[in-house]
Structure formats: structure tokens, C-alpha cells
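Could you use the hints to bring the two separately framed chains together as a complex?
Taken in sequence, the protein lines are chains A and B. Counting in numbering that gives the first Met the number 0, the first sequence runs from 0 upward without gaps. Counting in numbering that gives the first Met the number 0, the second sequence runs from 0 upward without gaps.
Please keep in mind that the hints were generated in silico from the structure rather than gathered at the bench. Heads up, some of the hints might be wrong.
Calculated lysine to any residue pairs in the SDA-like style (CA-CA distance at most 20 angstroms, straight line) [to be verified]:
| # | chain 1 | residue 1 | chain 2 | residue 2 |
| --- | --- | --- | --- | --- |
| 1 | A | 17 | B | 205 |
| 2 | A | 36 | A | 15 |
| 3 | B | 158 | A | 39 |
| 4 | A | 149 | B | 99 |
| 5 | A | 268 | A | 253 |
| 6 | A | 36 | B | 128 |
| 7 | A | 2 | A | 37 |
| 8 | B | 205 | B | 40 |
| 9 | A | 36 | B | 125 |
| 10 | B | 127 | A | 14 |
| 11 | A | 211 | A | 147 |
| 12 | A | 17 | B | 130 |
| 13 | A | 34 | B | 126 |
| 14 | A | 222 | A | 248 |
| 15 | A | 17 | B | 125 |
| 16 | A | 34 | B | 156 |
| 17 | B | 127 | A | 16 |
| 18 | A | 215 | A | 240 |
| 19 | B | 99 | A | 148 |
| 20 | B | 127 | A | 41 |
| 21 | A | 34 | B | 220 |
Where chain A lies over chain B, by a calculated footprint (3+ residues, C-beta under 8 angstroms) [claimed, not checked]:
| # | region |
| --- | --- |
| 22 | 141-154 |
| 23 | 233-246 |
We put the beta carbon where it would ideally sit given N, CA and C, even for glycine.
So you can see what is in the structure, the chains are spelled out below.
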Amino acid sequence: MRKQFKETIMDLSTYDDKIVLIFGDVSVYLFDEFKRKYSDRFYNMGICENTLISVGAGLSSQGFHPFIHTITPFITERSFEQIKLDMCYNQFGGNILSCGASFDYAWDGATHHCYTDLAILRLLPNIEVIQPGSRKEVDILLRSQYNNGKPTYFRLSDYPHDIDLPVEFGKGVVIKDEQSNFTVMTAGPMLGNVMEACKGLDVNLVYFHTIKPIDKETILKFKDTKILVIHDAFGLYEAICEVSNLSVSYYGLPDEFLSLYGTLEDIRKKIKLDAKSIREFLKRDFLKQILYE
Amino acid sequence: MIPVCKEIREDILKISKKSGHGHIPTCFSVVEILYAIYNTIKHDPRNPSWNERDIFILSKGHASLAHYCVLAHFGYFDIEKVYSFGAFLSDFGCHADRLKIPGIEASTGSLGHGIGLAVGMALGLKIKKNNRRVFTLIGDGESNEGSVWESVMVAVNLKLDNLTIIYDNNMSHSRGLQIHNPAEHFKGFCCDVVEINGHDVNVIEKELVKKSDTVRVIVANTKKGYDCKTLIESQYAWHRKSPNDQEFEKLMEELCEETI
Numbered sequence: 000m001r002k003q004f005k006e007t008i009m010d011l012s013t014y015d016d017k018i019v020l021i022f023g024d025v026s027v028y029l030f031d032e033f034k035r036k037y038s039d040r041f042y043n044m045g046i047c048e049n050t051l052i053s054v055g056a057g058l059s060s061q062g063f064h065p066f067i068h069t070i071t072p073f074i075t076e077r078s079f080e081q082i083k084l085d086m087c088y089n090q091f092g093g094n095i096l097s098c099g100a101s102f103d104y105a106w107d108g109a110t111h112h113c114y115t116d117l118a119i120l121r122l123l124p125n126i127e128v129i130q131p132g133s134r135k136e137v138d139i140l141l142r143s144q145y146n147n148g149k150p151t152y153f154r155l156s157d158y159p160h161d162i163d164l165p166v167e168f169g170k171g172v173v174i175k176d177e178q179s180n181f182t183v184m185t186a187g188p189m190l191g192n193v194m195e196a197c198k199g200l201d202v203n204l205v206y207f208h209t210i211k212p213i214d215k216e217t218i219l220k221f222k223d224t225k226i227l228v229i230h231d232a233f234g235l236y237e238a239i240c241e242v243s244n245l246s247v248s249y250y251g252l253p254d255e256f257l258s259l260y261g262t263l264e265d266i267r268k269k270i271k272l273d274a275k276s277i278r279e280f281l282k283r284d285f286l287k288q289i290l291y292e
Numbered sequence: 000m001i002p003v004c005k006e007i008r009e010d011i012l013k014i015s016k017k018s019g020h021g022h023i024p025t026c027f028s029v030v031e032i033l034y035a036i037y038n039t040i041k042h043d044p045r046n047p048s049w050n051e052r053d054i055f056i057l058s059k060g061h062a063s064l065a066h067y068c069v070l071a072h073f074g075y076f077d078i079e080k081v082y083s084f085g086a087f088l089s090d091f092g093c094h095a096d097r098l099k100i101p102g103i104e105a106s107t108g109s110l111g112h113g114i115g116l117a118v119g120m121a122l123g124l125k126i127k128k129n130n131r132r133v134f135t136l137i138g139d140g141e142s143n144e145g146s147v148w149e150s151v152m153v154a155v156n157l158k159l160d161n162l163t164i165i166y167d168n169n170m171s172h173s174r175g176l177q178i179h180n181p182a183e184h185f186k187g188f189c190c191d192v193v194e195i196n197g198h199d200v201n202v203i204e205k206e207l208v209k210k211s212d213t214v215r216v217i218v219a220n221t222k223k224g225y226d227c228k229t230l231i232e233s234q235y236a237w238h239r240k241s242p243n244d245q246e247f248e249k250l251m252e253e254l255c256e257e258t259i
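Excised from the complex, chain B in its bound form (with noise of 0.2 angstroms):
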């Protein structure tokens, strides 16, 4: 784990610690992702509706305090404003609003909506004739939904070649509807897709890079809870859990073990 990286998941579990909310789990499976994201793709955070800017929409919107944490870092906000996670009048809702958030682009939290947003976003630049691209994170559990599908299925038939969507394959949906091989299905649908290391920042980036003549996936293979011992261990548990005073000692302990 590249420092950055924990110092951003530091971030996420002294928030949950303090707000008592957040999906530790789902948010540490894509921390690399977001930072490759935001370290890769066209934006200006000083300029959030910067028009040249590339889009990035994360369609499973519970990782949102992985989110924050990230556009924090990246100067947005301060970081210390995302301390009020979840609490009445806060800005930084559990799921975040677009209408809030500088650099959040769509309101999300309802699963299988962010991607055909994003489609939507993609085909409007394709009518313009502008070059600017669309990137959005889905989460596996997420793609249990008909409507992620109905998605990948119009953005191929559109040739969005603007538009790169990233599989958080971290496994959730085990617990309930399983989707096997998930690269295979995406290129059952005629997508063009790359199978990563999620946890990878340099292999990450080189991927969100690359163009392609269609709609590009990168199922990005993750753990939940990377890398701490014990939320992998026992991630159903942790799942919409704070960590106190002792948990959070022992996670935050973990995570400076796994860091290189």
C-alpha cells in the first residue's frame, strides 16, 4: 500500500470513528481506484465546473466516504469538513449530493443509477463532438441490479468510446446473487475489458489511460477491508460498522503493518 493510500484510509476510520457512520469495508476496497482516478483524469479543484474537465461518477454511492476523503486530498475541501459525516445539516451525507459536494457530479446512493447517468453524460459529449471522457466505479453487489446492465448494454450500442467503467470486484455480492467471471460477462456484451489488481495505483492509472473504439471495463479484483486484518477477516460484520476507542487502535495498528 503506497502511503498516500493509508493516509487516506486513515482519514476514513478516524470519520467513522468520530460520526459513527461509513461503510469501512466498501470504501477501503476503492481507495486506489478513486486516487488513480483523480490522479489520472482531467479536473482542476479549484475550478470543480472547470468545462473541459473529464467526469467521474461513482455509481455505488456508498463509498462515499471514500470519496470525500479522496477529493479532499486532492484539495477540494478541507478535510476537517468531512468530520460532520452523516449528521443533520451536514453537507457530507452518508450518500452524497451533487448539489453540496464541489467535484461530485451526480447524486448517487440508490444502486444502478450512476452508470446510466454517466451514459447519458458520455452520449452528450459524443453530440458535441468533445473529447472530454466519463469515467464511473460500479461495485459487484451493485451489478446484481437489471438496470447496470441495460446500461452497459446502450453505452456499447452508442459506441460510447468516451466512457470507461470500473468493476469494484470486491467480492460483496457473495453474500447474496453471485456474478461469476464478471469480465466474461462484460465482454459477453461486447465491451472491451481489462481484468487489474484494484489495489494497484500504477497498474490502475496505466488502464484508465488507454483508449478503445467501444466502452472499456476495468473489473478491478479488490478485497474489502484492504488491508486490515480484521475487517477482511470478518467483513459481514463490518459492513455499516464504526470502529471504538479499541477497534480502532487495533485497525489503524493493521494498517501501518501492511504499508511498504
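Excised from the complex, chain A in its bound form (with noise of 0.2 angstroms):
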């Protein structure tokens, strides 16, 4: 999602002058390119993610669309606060785009994972909060939001999942309807390894990459029936549940801190979050369930 990123932002800017990149000191390389061609514009400003905040806020209240960009855990709850006060609070708009997406750094352990950014971003006012799943929805929804005025989240992770979806701000993708009782809801990378976990499965299947605002609408089309949102990541579920009178429950991360390494299947593995283990799950717990009891 990274190349993406830097894709979308080489043709963004050659006709939007008004694009600035603060970096914390990741990803410099990779945007060498726009660094030599607008090296006014590019900032590989340091390891200070609460500054990187306040500054990016300060820019834009001179006009230029800042994007902010370094590791998740450290632009999001380490400068939760700047977030807050310096973007929404005074209302100063601007991009920050998150690496290291829930266990995309599994090898790195505690410090680097980061499962709570959705959810505890999208209790701000003004922010809107986006989950990515793939490059195309990077390219659209880069485009679509990056200069409204208003701060916006995205969660970047390196490793997309390729299903070519209709994409459009703010709209869950109904995937499959089955006109089943039971309902899976999903975002993100996620997907692909639900997609497999439902195929062939009496299961209706819906799709974010939007977290805030939700699409309550999508939502409400499967008020009737059993929802299950399998997510690894916080944030999406509390989003769904803010609908009234639905019966919704969350197959994701346990409440104990997860202090592993490996690689990323190895730790969807271990949290039952890897294709099979989510299947069966489906098979054995949610689809068994006695509808309306």
C-alpha cells in the first residue's frame, strides 16, 4: 500500500501544489522521487510523532494539504492528543497515513503492534477514519478525501488483499447476499482470509474500508439477521454496534496482550484469525446458533 501511496501522491502533485509529506523517518527512500522533484514540499522531519501532529496542523492552517506518515502505534496513541486538539479541535484538516498495520510488524513485538488506532480515532470529532484493504481503495480514497479540510485517517498495511471491489467513501460493499440469517462483517486487509472462510457458507458477506462515518445504511439492510464482525483490529465493531436493536457479535482480538513475534500468519494463526480457524469457528459456533431465541 505504500507504493500506492507514493503512486497516488507523484500524480496528485503534478497538478496540486499544495501537497506537503512529513515523514518520521520511514519510508524516505521509497519517495526519493518526489523528494528531488518538490524538495520544498518533503520533510523527513524526525522521530517526534507528537510534533510531526502539531506541525502538519500548523500547515494546514496555511493551506497546504499535509501528509503525515510514520509507524501506527506511534502517530496514533502516542500523539493521540495532538490529534485530537491540534487537527479536530481547531479544525485545522490534514492526512495521516499509519504503517504497521495490527501485526504488520509481528517479528517486532508489543511495541510495534497496533490493534487500537480505529477505535480510539474514530471518537474524535471531525476525523474520518479509513481502513484500506487494497492498493485500489489507497488510490480512490487518497484522491477522493485528501484536500476536504478535515482530518483523515488511514490505516496503510503491507500486506493488501487484491479483490477488486467498487469503491466509493463512506460505503460498506454488500460481497455476497444470500438472503441467510447470518451476516459476517468485515474491513480491511481482513478480507481475503474471510472471503475464503465464508465460501461456499449459507453467510451473507459485507465489506469496510470506511470506519468513520460507518454506512449505517448498508448496515441496516441486515438488521434481521445475526451479525458477526470478524476484524483484527478494535474500532469496526464499535462502529457497527452504534446501530440500534441489532444482534452483533465480535470474533477477533482477546483481551490479553499479545507479546509474540513471527510473522504476521503466525500471529492470525495463534488468535484464530488465519482462514481455517475463522471458518470453523463459522461452522461450529455462529452458523449453529437458534435463530430469535
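Next up, the structure:
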């Protein structure tokens, strides 16, 4: 997704000279071309995430479109108050693009894992929260949202899916409507595993790339079904729960500190978010529920 | 104390008494600094969003009452409006909201934010090759926050010669984490530093006008509660306190005694 981020930015920059990149010492080599072409609008500002956000907000006040980019936990959890006050409260818009979603940096351990970003950021007024799952979604959503004056969070992952779906900001996608009494809802790169898990099962499947605003209209189409949210982070389930009178449950992260290393695949297997484990859960538990109990 | 700064302090006392809010000692430490800033920078109270104005950000946002009183003095709004300070539905909150008050460039309150915003604004002006300047007033207590020093490092690294940081050295920090020799700290980060008496308007104005080839820092030595004996002697007790009738009279008298 970072390559897509770069490609989209290079294209947007051919006609928008208000784009300024503020990086926290990541992806610098990848953006070498931008740096050479637009040296006065590329800043590898250093490892100071709080200040990256504040400076981005200040740039926004001067009419620029900042793209603030570094590793997920540091730019979201560590800089939460800067995002809340300098961007949301002050109404200085801009784009925050993180890398290292959930367990992308599995091997680096708990300090580099991040699964609360979507959940905490969606609580802030005035913000848009996006979890693209594919390169196509990165491209389309960046283009449609980057200069709308609002703070927008893009959670980039190094493990996108490549499923080609229609993309429109704020709209969920009904991937499978089997008229089933059971519906699975998911978001982001997890879709690959979830689609594989649902193959051939009598279950509807709905997908989101926009966590805030959540597409309530699409959710309401399935209000009379049992809904299961499958997600490798927090935030989507909570957003869906805000729709009244749903029967909705969560299949995802356990309430325990995951101090594991290895690969993304290792961790997904361990917490049963690999396709096989998800399928087993669907068949053994979710689809066995007695309806309208 | 010059008469205009005494008048501004009287406004602060009156509004604090009426509203029951206000950090009087910290407001009193920055009156000359704020007055000197608005007397020096390019700005137009009749057109607060004038696109050639210089920018000032009060990073130590709890001195908002002093800021409001100075803005009123320069004609941004009527001082009578400030008497609603801190009240429900008032525009004049105990920490200023840029979307409500003309002349406020950034909403501050939580410490260590305004300086980062100022760095971003100064960078934006540099990119636009615009010669407008950015000024920000930070507190010594505020400088306990790591984000202050992050911002200083970034500003120096970006060679923001259009940024001036005024450091209100009113010894707030002495209650907790102390910063000894702040001027030396800023010099250590390669800022262009000057240390002055923060209650001498002429000296402050002279230093505000000066330019440098890097980030300029004015360490302004001030007194919390300047120059009311009662406030200076018991500044901790007065940190968030508003005066009752008797105390108000006494503070007003002390102010008059000190006016030259």
C-alpha cells in the first residue's frame, strides 16, 4: 500500500502544489523521487510524532495539505492528544497515513503492534477514519479525501488483499447477499481470509473500508440477521454497534496482551484469525446459533 | 510599570473578581510581553484575518485572560464582552478558542501544543516564500513537556528564521520539574538566544523586532503576580484564585503603588 501511496501522491503532485509530506523517518527512500522534484515540500522531520502532527496542523492553517506518515502506534496512540486538539478541535485538516497495521510488524513485538488506532480515532469529532484493504482503495480514497479540509486517517498495511471491489468513501460493500439469517462483516486486509472462510457457507458478507463515517444504511439492510464482526483490530465492531437494535457479536482479538513475535501469519493463526480457524468458528458456533432465541 | 500595562492588569483583576476565574499571577507575568507583541507585530484589529499579518500564538493557554484584555485594548473587541469569562455559552473561555475569538490564531490549553503549531505555520510561510513572521509565547512550566523541545529541535533543523519563541521565565517550574538556566538550554539546541527583563516593554519591543538567521528565543525573566506584593509573596495560593471584595481592593492599591 505504501507503493500505492507514493504513486498516487506523485500523480496528485503534478497539479497540486499544496501537498507537503512530513515523515517520521520511515519510507524516506521510497519517496526519493518526490523529494528530488519537490524538495521544499518533503520533510523527514525526525522521530518526534507529537510534533509531526502539530506541524502538520500548522501547515494546514497556511493552506497546505499535509501527509503525515510514520509507524501506526507512534502516530496514533502516542500522538492522540495532538490529533484531538491540533487537528480536530482547531479544525486544521490533514492526512495521517500510518504503516504497520495490527500485527504487520509481528516480529518487532508488542511495542510495534497496534490494534486500537481505529477505535480511538473514530471517537474524535470531525475526523474521517479509513482502513483501506487494497491498493485500489488506497488510490481512490486518497484522491477523494485528501484535500477536503478534514483530518483523515488512513491505516496502511503491507499486506493488502487484491480483491477488486467498487470503492466509494463512506460506503460499505455487500460482497455476498445470500438472503441468509447470518451476516459476517469485516474491514481492511482481513477480507482475504474472511472470504476464503465464508466460501460455500450460507452467510451474507459485508465489507467496509471506511470506519468513520460507518455506512449505517448498508448495515440496516441486515438488521434482521445475526451479525458477526470479524476484525483484527478494534473499532469496526464498536462502530457497527452504534446502529440500534442489532444482534451483533465480535470475533477477533482476545483481551490479553499479545507479546508474540514471528510473522503476521503466525500471529493470525495463534489468535485464530487465519482462514481455517475463522471457517471452523463459523461452522461450529456462529451458524449453529438458534435464531430469535 | 507603564500606565497602559497597569490598566490591563486592572481589567484582569476586575474580570477575575466578577467571573471567579483566571490565573492572575501567570497573567500578570505576561502583560508587558503581550502588550509589546501587539505593539510590534504586523496586525489589523479591524481585519484579524489580514493576509499580511504576523502570527502570534499563546502556547501557555492559561494566560488567556491577559491575552483577551490585551486584544481588547488593541481594539479586537469591547472589554465588556470579556466579563463573561468562563461562563456557559460565553465565547471567552478560560482557554481561548480560535473559532470564537477574533485575533486568536490557535486554540490552546493543553501545554506543549501551541509551539508545534507555530513551527508548522512558520514552515508554511517559508514554503510560500512569504516574509510574515510567527511569534509564540511559552511558559517555563509548560517547558516540562517534551513536545516543547521536540518543536525547538525541528524548528532549528528547518532553519525557521521567521520564528521567535518568547519564554516566560516566571519560575512556575520551581514548584516541580525545574529548568535551570533556560537560555543555556536553548543555546544548546542552537537557537539565537537573548535574556531580558520581561517587564520592560521597550526592551521587549526592541528584541521582538530583531531578526536572526535561525530560530530566535527571548528568555523573558518575569515575576508571577508582577507587581502586586500579595500575589508575589503567595503565588501558589493565588495560582487559580479570584479575589473577593477586600482582596480586590488590596490588589488594586498595590498596583497603583507600583505604577510609575
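- Output the numbers, in ascending order, of every earlier hint that fails for this structure. 1, 21, 23
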